[in-house]
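Visitor: So the chains spell out like this:
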Amino acid sequence: MANVKVLVAKPGLDGHDRGAKVVARALRDAGFEVIYTGIRLTPEQIAEAALQDDVQVVALSLLSGAHNTLFPACVELLKAKGLEDVLVIGGGVIPDADIPGLKAAGVAEVFTPGTPTSNIVDFINANVK
Amino acid sequence: MEIVDKLLAHSRLALSKAITAVENEYDDAVKIMTEIYPHTGNAYVIGITGPPGAGKSTLTDKLAKEYRKRGKTVGIVAIDPTSPYSGGAILGDRIRMMDLMADEGIFVRSMATRGSLGGLSQKAGDAVKLMDAFGMDVVIVETVGVGQSEVDIVKTADTTMVVVIPGMGDDIQAIKAGVLEIGDLFTINKADREGTDKLNIEIEMMLELNPEHVGWRPPINRTVASKGEGIEAVVDSIEAHKAYLIDSGRLAEIRKARIKNEVTAMLNDRVNRYIDKEVVSTDAFDELVVKMQNREIEPYSVVDDIVGKVLK
Ligand SMILES: Nc1nc2c(ncn2[C@@H]2O[C@H](COP(=O)(O)OP(=O)(O)OP(=O)(O)O)[C@@H](O)[C@H]2O)c(=O)[nH]1
Ligand SMILES: [Mg+2]
Chain A
17 MANVKVLVAK PGLDGHDRGA KVVARALRDA GFEVIYTGIR LTPEQIAEAA LQDDVQVVAL
77 SLLSGAHNTL FPACVELLKA KGLEDVLVIG GGVIPDADIP GLKAAGVAEV FTPGTPTSNI
137 VDFINANVK
Chain B
207 MEIVDKLLAH SRLALSKAIT AVENEYDDAV KIMTEIYPHT GNAYVIGITG PPGAGKSTLT
267 DKLAKEYRKR GKTVGIVAID PTSPYSGGAI LGDRIRMMDL MADEGIFVRS MATRGSLGGL
327 SQKAGDAVKL MDAFGMDVVI VETVGVGQSE VDIVKTADTT MVVVIPGMGD DIQAIKAGVL
387 EIGDLFTINK ADREGTDKLN IEIEMMLELN PEHVGWRPPI NRTVASKGEG IEAVVDSIEA
447 HKAYLIDSGR LAEIRKARIK NEVTAMLNDR VNRYIDKEVV STDAFDELVV KMQNREIEPY
507 SVVDDIVGKV LK
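Heads up: the protein sequence lines correspond to chains A and B, in order.
Here the numbering used here is used: the first residue of the first sequence is 17, the next is one more, and so on.
Here the numbering used here is used: the first residue of the second sequence is 207, the next is one more, and so on.
Check the hints yourself; a few may be wrong.
What the hints assert, rightly or not - Straight-line alpha carbon distances no greater than 25 Å define the calculated PhoX-like cross-link-like pairs of lysine-lysine that follow: (1) B:K223 / A:K95; (2) B:K271 / A:K97; (3) B:K275 / B:K466; (4) B:K448 / B:K466; (5) B:K223 / A:K97; (6) B:K466 / A:K95; (7) A:K145 / B:K466.
Since the hints were made in silico from the structure, they are not lab data.
Fair warning: this is a prediction, and the values are worked out from it, not measured in the lab.
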């Protein structure tokens with residue numbers, strides 16, 4: 017009965033959550049428990065929500081271009097709260113050139129637009145702790 | 207246990223992990239609850255239920271903020287249904303509560319129903335106890351009022367608030383059975399909408415006909431939760447109900463009844479599991495079933511026999 021819990025969150029200022037909602041539904045349909053937290057969140061809000069719901073995965077989505085600061089900030093705050101094992105994944109409009117840096121900062125994988133949601137599901141199943 | 211010591215020392219991570227242990231039925235869950243139990247019984251538990259989309263989470267968020275203003279710490283257990291198709295769930299209550307995340311005096315936990323609703327009320331009850339032991343003054347349990355099981359969960363509250371909204375048409379009839387009876391107070395949310403007066407009258411009429419509420423007449427409040435309107439009055443009503451329960455001795459009674467229910471459920475659960483394992487899933491039992499099928503024996507004496515052996 018240990019269902020995988022995934023927090024889906026949109027840090028930053030952009031207000032489009034259609035993509036995040038599509039991902040949330042796909043994850044639910046794959047049997048995950050998805051905590052959908054909405055838009056315009058700070059890394060602190062996201063990390064605290066992840067702590068309170070004891071999620072194994074945090075899925076961040078961002079279209080505004082601030083991923084290089086906001087994604088690593090979320091990773092750092094999760095660690096600071098003692099959530100070292102949480103798998104952080106990112107999605108959104110992210111240039112290929114930024115991906116190595118994000119991975120070095122602790123983002124496990126980055127999914128760019130057009131990625132089939134089944135890839136995200138497979139990645140989570142293969143990497144969740 | 208280390209996790210219990212940490213929880214009692216206000217580690218939010220320990221609280222969270224302890225709830226997970228209960229939720230996932232980890233091996234150490236019983237031990238955690240055993241150690242936690244002496245530290246429970248201090249929180250005031252508020253149940254909030256009502257139809258989908260009525261604004262329960264928005265209200266919970268605002269009520270939590272009002273309690274914080276009044277110097278109380280607040281735990282929240284927000285329950286959403288698991289999809290029967292995939293076993294997954296979208297837990298969307300927290301979306302209305304994100305600005306509570308900055309407040310250390312608040313802890314919100316989302317829970318999915320995960321099929322076994324009977325099991326859920328026990329798990330939700332344990333989550334409440336863990337928040338209670340953590341030191342939360344008030345614990346709010348939010349659940350969608352759609353079925354008996356949800357009603358059962360809310361019954362674990364000291365004060366139960368039923369949220370309704372205008373414009374549900376005949377829905378008031380639909381939720382009348384079961385859910386409306388359990389309201390210690392009623393909140394008409396979305397009171398910015400047409401039909402509020404009519405709904406108010408309908409609830410009043412229903413309460414008129416309900417003889418159950420002796421000594422306490424459930425107040426009807428109006429709120430526009432999304433704008434934070436009417437929230438203070440709701441908290442005042444909750445506090446008035448609490449005072450009534452204490453003064454009349456009802457609080458002690460309902461808490462005693464709750465413990466009785468909980469222990470009964472635990473006993474039933476234990477006995478069921480035992481019978482499943484030691485009786486129903488044995489080859490010997492299967493053979494008995496075949497004999498019954500062939501009408502060589504009848505089930506009544508078989509049951510007597512087994513009960514005689516199992517429950518000496
Ligand atoms: N017009 C109006 N809208 C409101 C009010 N309160 C909440 N809402 C809106 O109603 C919608 C549902 O609110 P929630 O708080 O999520 O409702 P809920 O009852 O928790 O929903 P479920 O948990 O999904 O059953 C949101 O879009 C809110 O902004 C209100 O007083 N007036
Ligand atoms: Mg809700």
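Visitor: Has the given pair, B:K275 with B:K466, been kept, meaning a C-alpha gap of at most 25 Å?
Guide: Measuring from Cα to Cα gives roughly 35 Å; hence the hint is violated.
Visitor: Is the hinted pair B:K223 and A:K95 satisfied, with a Cα-Cα distance of at most 25 Å?
Guide: Satisfied, since the Cα-Cα distance of roughly 15 Å is no more than 25 Å.
Visitor: Would you mind confirming whether the straight-line C-alpha gap from A:K145 to B:K466 stays at or under 25 Å?
Guide: Not OK: A:K145 and B:K466 at ~39 Å, beyond 25 Å, violated.
Visitor: Given the hinted pair B:K271 and A:K97, is their alpha-carbon gap at most 25 Å?
Guide: Holds, at roughly 24 Å.
Visitor: Taken at face value, is the distance from the CA of A:K97 to the CA of B:K223 at most 25 Å?
Guide: Cα-Cα ~13 Å, so holds.
Visitor: B:K466 and A:K95: Cα distance at most 25 Å?
Guide: Violated, because 42 Å separates the two Cα atoms, which is more than 25 Å.
Visitor: Within 25 Å, alpha carbon to alpha carbon, are B:K448 and B:K466?
Guide: holds (21 Å)
Figure legend: structure checked against the earlier numbered hints; hints not met, in rising order: 3, 6, 7.
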